[in-house]
Amino acid sequence: MTTMATKPHNEPAVYVYEAPLRLWHWINAFSIIVLCVTGYFIGSPLPTMSGEASDHYLMGYIRFVHFTAGYIFAIGFLFRIYWAFAGNEHARQLFMPPIFNREWWGGVWHETKWYFFLTKEPRKYIGHNPLAVLAMYILFVWIVLFMIVTGFALYGEGTGYDSWQYTLFSSWVIPLFGQSQDVHTWHHAVMWVMICFVMIHVYVAIREDIMSRQSLVSTMISGWRTFKDNRSVDDGH
Amino acid sequence: MSIVNTPNGYKLDTSGQRVVVDPVTRIEGHMRAEVNIDENNIITNAVSSGTIWRGLEVILKGRDPRDAWAFVQRICGVCTGTHALTSVRAVEDALGINIPENANSIRNIMQLSLQVHDHLVHFYHLHALDWVNPVNALKADPKATSALQQQVSPNHPNSSPGYFRDVQNRLKKFVESGQLGPFRNGYWTNPAYLLPPEADLMAVTHYLEALDFQKEIMKTRTIFGGKDTHPNWTVGGVPCPINVDGTGGVGALNMVNLNQVHQILKDSQTFIKNVYIPDILAIGQFYKGWLYGGGLSSQNVLAYGDIPDRANDYSPANLMMPSGAIINGDLSKVHDVDLTDPEQVQEFVPHSWYKYPDGVKGLHPWDGVTDPQFDVSSAKGTSQNIEELDESASYSWIKAPRWRGHAMEVGPLARYIIGYAKGDKEITEQIELVLKTLDVPVTALYSTLGRTAARALEAQWAADKQLYFFDKLMTNIKNGDSSTHSGEMWDPADWPSEAKGVGFTEAPRGALGHWIKIKDTKIDNYQCVVPTTWNGSPRDEAGNIGAFEASMMNTKVAVAKEPVEILRNIHSFDPCLACSTHVMSEDGEELASVTTSPIGS
Amino acid sequence: MTDTFYDVMRRQGITRRSFLKFCSLTAAAMGLSPIYASKIAHAMENKPRIPVLWLHGLECTCCSESFIRSGHPLAKDVILSMISLDYDSVIMASAGHEAEAIVDEVIAEHKGKYILACEGNPGLEQDVTGGMSCIVGGKPYTAQLRAAAKDAMAIISWGSCASWGCVQAAKPNPTGATPIHKVPDIGNAPIIKVPGCPPIAEVMTAVITYMLTFEQLPTLDRQGRPKMFYSQRIHDKCYRRPHFDAGQFVEQWDDEGARQGYCLYKMGCKGPTTYNACSTIRWNGGLSFPIQSGHPCIGCSEDGFWDKGGFYDRLSDINQFGIESNADEIGMGAAGLVGGAVAAHAAVSALKRTQQKGDEE
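Chain order of the listed sequences is C, Y and A.
Reading the first sequence from the start, the letters are residues 900 to 1136 in my numbering.
Reading the second sequence from the start, the letters are residues 11 to 611 in my numbering.
Reading the third sequence from the start, the letters are residues 298 to 658 in my numbering.
Please keep in mind that the hints were generated in silico from the structure rather than gathered at the bench.
Among the hints, a few may not be true.
[Said to hold, decoys possible] Pairwise CB distance ranges (calculated): (1) A:Gly-484 / C:Ile-974: 46 to 52 Å; (2) Y:Asp-530 / A:Gln-549: 22 to 28 Å; (3) A:Thr-651 / C:Asp-1128: 16 to 22 Å; (4) Y:Glu-436 / A:Gln-549: 37 to 43 Å; (5) A:Gly-636 / C:Trp-1003: 29 to 35 Å; (6) Y:Glu-551 / A:Gln-549: 49 to 55 Å; (7) A:Ala-451 / C:Trp-1003: 54 to 60 Å; (8) Y:Glu-49 / A:Pro-469: 50 to 56 Å; (9) C:Arg-1112 / A:Thr-651: 33 to 39 Å; (10) C:Ser-1062 / Y:Gly-188: 49 to 55 Å.
C-beta: ideal position from N, C-alpha, C; glycine also.
For reference, chain C alone in the conformation it holds in the complex (with noise of 0.2 Å):
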């Protein structure tokens, strides 16, 4: 596979997103809104249900969700890292942005200008523009892993002092930010960060499939890049 993705540059046509890669998109992206949306009603929970405690079980349920798209995520996560090693050479973009490359650099600046409008053309690339995977590795990959890490200490605070989320997160982390209280704050609103990467991440997926040079949205669903004109692209290798 990773031998397709280093084919002559100007093919109509690349398969960039292999299909594990692809499935793992769409239930990240999945469980990233049922996070957000059952968090926010943890945050702040529904109106009351009147009637017999018995009779409901809603904060229960939103909660059995959360924690549930919680797993998704997290072993959505774990995949993903190990897909960075078994996936093709895309597949390692995202960790692993070459910061001591200047050329790179040269990409993050003037794919910026493009994005002020300062540029009439962008590059053209076969994997991530430079300025995706910096934006991808500062508000995707750190964030994701703070949310698991904060998450699970506060499932284990649930789950219990002897058990293995308590004393893989819960026992260091609690104490690293002052107390729980400051753990479930600080979970919450990285929450939001994650909702603006979010926004940011479809708006600009939307534009530069309508304006750049090569394929996004239906990437992600087909795996094959196709481009819209015939110049080399700028990423190749």
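Assemble chains Y and A onto chain C, guided by the hints.
Leaving out everything else, chains Y and A in the frame of chain C:
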């Protein structure tokens, strides 16, 4: 120059031997006393210094006024709750919130239970060892002790000779173990202890009984407030809902809890009647010749009043605890006290470790400034090891509050003198019964013993009034009113952009006031003037000495090096030093004078 | 001749049978299996009383007040029969030099064999107070604390003051109030934190009786608190938990939910983030605890609970970067900003694209 005559009538002579007591123990917080003693062992000069402060008022700046009660409650864990109550009253005054009748009854029961508890614990566990010698109790005859018990309190069930023998044996074993614990290094050979062994044994027994019983008194507060020490309160009412006859009543204050409360209130009343009052009278009988320590009580006393009969009416006529001020011992005239009048309550700092921007002028709490300046450069010793304070300079963390320029005494004795002067029927009856029983004139009230007796009488009064408010609560519920919280003005969005209020209570130790200023839904300024600030105040600019200092003056001590009499006098005020000491800010500027016009008039 | 707890109880006229019953109740209160009852009985019968120095710093004495409310065992029995409370300025008979001498005597006589119980904390601020915000015997309290800590067998940090700093350490902490374990040169004695404002009375006495009975320190969690009392949240064992799971909340004071005992989560209850035994052991002989009496938990046993925003807010304030609002306020603001930027950017992009197309044509 070693002799100074103070405006409030004391001749201070520093020529005699200086005796330092630091720490003064069996009080809340930290305090130091220094006295000069002449060749006849008479105290000729007295200095009291507050040696702790924590800065709570500054911490309150910028907080939600609805949270303030929890912060100020932590001013003191002994008079726990009284600061919280004062605080919610201050916020309610500022925002014009009315509370339901049930909330008023519950708050009053909680406040009165503090009076009962605090007075009882103070007498037996903080004060009694100034009068009672536990080592001497070992010599007592249990049979004679039993007879004494049955004579002074025929209705108290724990009175058999065997009972007293058991306690005596326990005490004996304790003493023989060589591990004296809290009784270690006491002054047990001092001739100032006057009780016969049997009275000592009876009192020590009650020390232990009271220690067991006191935890029961506070259980009412646990039922209403969830825990004690430091129960929960809320602006606008009380947090506990009432549900005596509806679905889920077990989740609220229900008949079971109310029965528990009722039982505790009755038991408290019985214990005070059968143990505390008889002990005071019995001990008083032996010490009635020792009438030192009156201090300012015969001149200037002050009370704000407390325990509103009907909710939301804090006028003197509706307050069941008396309010007013008596000046120069003139009982024929009780002055009204207005906490919003900038001319009445003022604080001075020339002898405190604070500085005012314009020097020596007294400031009303609305305009309160607290800018610390620790300085003991003129004292003997070093700044980290004070040997003798210099009372002509700054010498205390306590400010000097004055009422129209007068140093005042506050507390149970002040309240009882004011109630007596006003002709309060219940108070007058109680006082006259004690005077008759001990066969002493009314002037005997102006003493350490009088202060101690007034506290006991007030505990009895408070125990009775708890039941009055319990009945009131039940009647109101019976009439269909279960409301415990008004809900009005809970949402800060409904508040005016600026508001100010004052809340007051009578803490067990005396008159307590909180002044709050709210701006943009946050606390802009918060000032407390507390009982021990009044009683423990240092000298002011004019040279008036404070109530603690006055009480030590002219007292004869039996053994110069053993401060039993000094402790006796100071303890009789039930000092609370964590309460009394004011605040600071990191930079004096931040705290700078907040000027407001007084509310109301 | 030393006095043991058992001797005392026997002399009080208590039979061996009721003594053993007491021991099994104590074991149950500490969550121990019945076989420990005999161990407790043995300990009580044979051990001399251990010296305790109970020092008071910047505090409000609520810990002492709580301590005397203990029902099992009674404070009286702890003081007379279990420990030798040689110094405690709140109840001790002596004062002044005689009182201060006791501290030195105990340190000298019982080096490494006494317990130091700390109520309150020292104020280390130097600039305006010279470290003299708490003075004992003319010297800073810090000096007394350090001297007593150096040779202690163990230190008990009573309450949130000694454990975390508590109210006087709330922002801006004007006295520089510092919890015991963070005081410089405090020595190496193990520190047991028993936080709470105050701690539950029976928890306080149980920590002491545990140490006396088993001659070992209780197992501590990572933050130094006895696991037996501080390893679960109030929320985990709250009797109102079914209402939380059902989504039944008190929405405002004294509403129908309040009168039926619904969950106080929306009133700002900190039970879900507070490690303490209130919902199981409860207060004052198991009578009630804040939630049972209708008030949300304010989290008084947690580090820095004073500075987490209003007690009646579910979401804490975030005080970083000089702002003060909760996560939702900040987050919604940020999301709104991003949304606005996206919309504007999209509009400009569309405009540019139209222009470009026009140019190409």
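Verification of the supplied hints:
1. Range check, A:Gly-484 to C:Ile-974: Cβ separation about 47 Å, and the 46 to 52 Å hint holds.
2. Taking 22 to 28 Å as the suggested C-beta distance range, the pair Y:Asp-530 and A:Gln-549 conforms, at roughly 23 Å.
3. A beta carbon spacing of about 20 Å between A:Thr-651 and C:Asp-1128 agrees with the range 16 to 22 Å that was offered as a hint.
4. As the Cβ distance of Y:Glu-436 to A:Gln-549 is approximately 40 Å, the hint placing it in 37 to 43 Å holds.
5. As the Cβ distance of A:Gly-636 to C:Trp-1003 is approximately 30 Å, the hint placing it in 29 to 35 Å holds.
6. In this structure, Y:Glu-551 and A:Gln-549 meet the distance hint of 49 to 55 Å, their C-beta atoms being roughly 50 Å apart.
7. Taken as a hint, the range 54 to 60 Å holds for the pair A:Ala-451 and C:Trp-1003, whose Cβ atoms sit roughly 58 Å apart.
8. A C-beta distance of roughly 51 Å is found between Y:Glu-49 and A:Pro-469, which places it inside the suggested range of 50 to 56 Å.
9. In this structure the hint that C:Arg-1112 and A:Thr-651 lie 33 to 39 Å apart at CB is violated, the actual value being about 18 Å.
10. Between C:Ser-1062 and Y:Gly-188 the C-beta distance comes to about 50 Å, which sits within the given range of 49 to 55 Å.
Hint compliance for this structure: hint 9 alone is broken.
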